[in-house]
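Visitor: Residues per chain are reported as follows:
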Amino acid sequence: MKILQNTGEPIYLQISRQLKEEILTGKLEQGEYLPSIRSLAKDLKISVITTMKAYEQLEAEGLVTGVQGKGFYVNAQDSQMLKEQHLRKVEQSLEEAIAAARIAGMTGQELTEMLKTLLRYEEEI
Amino acid sequence: MKKTVKYYRTFTDIRYRLLLIVVVPAAILGLRAGAGIWLGSRYAANAVLAAGGMTEEMLDFLCCLFLMLFDLLLDYWAFGGIAVKGTDHLGCLKTSARGIPAMAATMRADQVRRLAESVAVPLLGRVVSGTFPGAQGIRKAEEIGYLLAVSVSLYFVSTLAVSVARYWEKLEAGMSLAGLLIIVLGIFWAAGQFWPWAVLAAAASLSAGASVFFDRKMIRRWEESFYDK
Amino acid sequence: MEFTSVIDGANICKKFKNFTLDIPEFRIPKGFATALVGENGAGKTTLMNILAGVRLDYQGKLEYFDEREQNVEKVKERIGYTAPGLYFMPQWSIRQVEEICGLLFDRFDREKFRDICGKLNIGDGDGKKTVAKLSDGNRMKLMLASVLARETDCLLLDEPASPLDPLMRDGLCQMIREYLESGDGERSVFFSTHNVSDMENVTDYCMILERGRIVEQGFVEELKEKYLLVKGEHCDAEAAKQVLYSFSGSSYGFEGICLAKDLDRLAGMDVKVETATLSQICVAVMKAYTGLQLTA
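Chains as they are written, first to last, in this note's numbering: chain L, 1 to 125; chain S, 1001 to 1229; chain E, 2001 to 2296.
Errors might be hidden in some of the hints.
To be verified - Examples of chain S residues lying across from chain E (beta carbon under 7 Å, computed): (1) Gly1091; (2) Thr1095; (3) Phe1226; (4) Asp1228.
What the hints assert, rightly or not - The calculated EDC-like cross-link candidates involving lysine to aspartate or glutamate, where the alpha carbons are at most 16 Å apart (straight line), are: (5) E:Lys2112 - E:Glu2151; (6) S:Lys1003 - E:Glu2200; (7) L:Lys45 - E:Glu2200.
Bear in mind the hints are in silico, worked out from the structure with no lab data behind them.
Remember, predicted model here, so these are calculated numbers, not experimental data.
C-beta atoms are modelled at their ideal positions from N, C-alpha and C, and glycine is treated no differently.
Here chain L stands alone, though its shape is the one from the complex:
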């Protein structure tokens, strides 16, 4: 995790953003507990209130749940979010492919054919 001092982005937001990414990419598994606010503060050399606010931010976004006396664990919701995130990625990639096809002069029909062929190859492998 990288904390940048001079970007103008509040530190707690940087932390929550980076943790969010780790959660959505599955690096932090569901049910896994985040480090305690105080040990994270110690490791990042910042104040406890900052890590606390970062975790509260994640909780507000539904990514983690706070348990009194135990800490914050990663929510099971992420499978839904992960799916959504990947769906968006598919959409993005397809839009890129369409744009490239236009430049290459491919028709919609030719593009669909190419997709079907590639899918068949993937299934065979």
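Given the coordinates of chain L, work out where chains S and E should sit on it, guided by the hints.
Guide: Leaving out everything else, chains S and E in the frame of chain L:
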């Protein structure tokens, strides 16, 4: 009792205790023995005592003098500045509920040590030089009375010197005071040879009074540091 | 934000020559590091002395650790206090300090003390060195070692950073973080400073003391939402001056702290809004209360 000893040993440096309880008295007694033997060899013992025994008494006085001076010096080393106003350097003691009682116990233990030495050194000095009353059988009771008077006077004067010096952080002030008190000691010493029991009584009451007075005053100083004055 | 307090005070009052220390309500949040910020002479040391039990002439009530029965001996055992000056006798050696602390406190770990002294290089590893011969920085380290070697629940540090060099100040901040971590929310730190930028990275809650009164306090993240740093152009300076909480201008432009609630009054002006540092917020608040006009 055990706790007091523990406090005393913790708050004072081992070298202070070694010097003050072992080395200095040993040195004084050693010199005393040497002097006694030297004097004994120059005059017949009987002639010395027949002449009123002045030289033995002077040696007594010198023993007391040195003990007082060393006590003052070593006390400055161990406890210097302890009763100075605005005792920031006792702040550590104030952060614990035991702090001030522990220090008070230490100071009292030191007073007991002072009394013990004030009595032991002059008396042992006589033993060491072979002139302890009773050894010659002459004027035994009165001589012992005189010795006790000198001992207790020494304790009184020492206590005075050390207690007042603790209020000033500078050693020079204490030493000047010591100079004055040597005269006081001298007066007690001289008077003690003629009216031993009276002087003993006077010295004892003055000692008791001074001990209590300065002990109370020191505790009060420490407690006052909790408040603005 | 709600919090449990480790020390609760009510109507703390003490009269001085020039001002009165007057704090109607005083709560130190538990599990966090709180900074008491104020100028020299604002009353910080007096307040610290009162909290540590080293000064008793004040009016008001203090409750520690949420205990119904307030026992002085037990409370002092659980508090670790360091003074701004020195509170050891100059003739004591480091070894003696170790023994004395062992005597005065039940939960003093001598092994840990020696360990910390070694790590901080106090007296260059010479246990016989007397306190008088130590530098100011080393004396502060010695006091810190003596409190950190104990099992305490609250540290009260009066100006701990002042005698320390920058490397050691960083070390101090890390020691505070480790202390908080070791308590897992049960241990707290309360320190005073007249230069908050040194300790900004470890401060969770801030109290600003001005002439005996707490004029502003809050969790740092909340203060940073309340007071925003605004920078703008010279042409807008006059208009902005009316809105800003604190203002400083030059021919190149202006800069100042703006209360979040006043931010919309700056609409239409070419301004940039940033998060202020705690230091900037404290300066702005203190200026506002002393009425100091050093810059127009």
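Visitor: Any hints from earlier that this structure breaks? Give me their numbers in increasing order, please.
Guide: Of the numbered hints given earlier, the structure breaks just one, which is hint 6.
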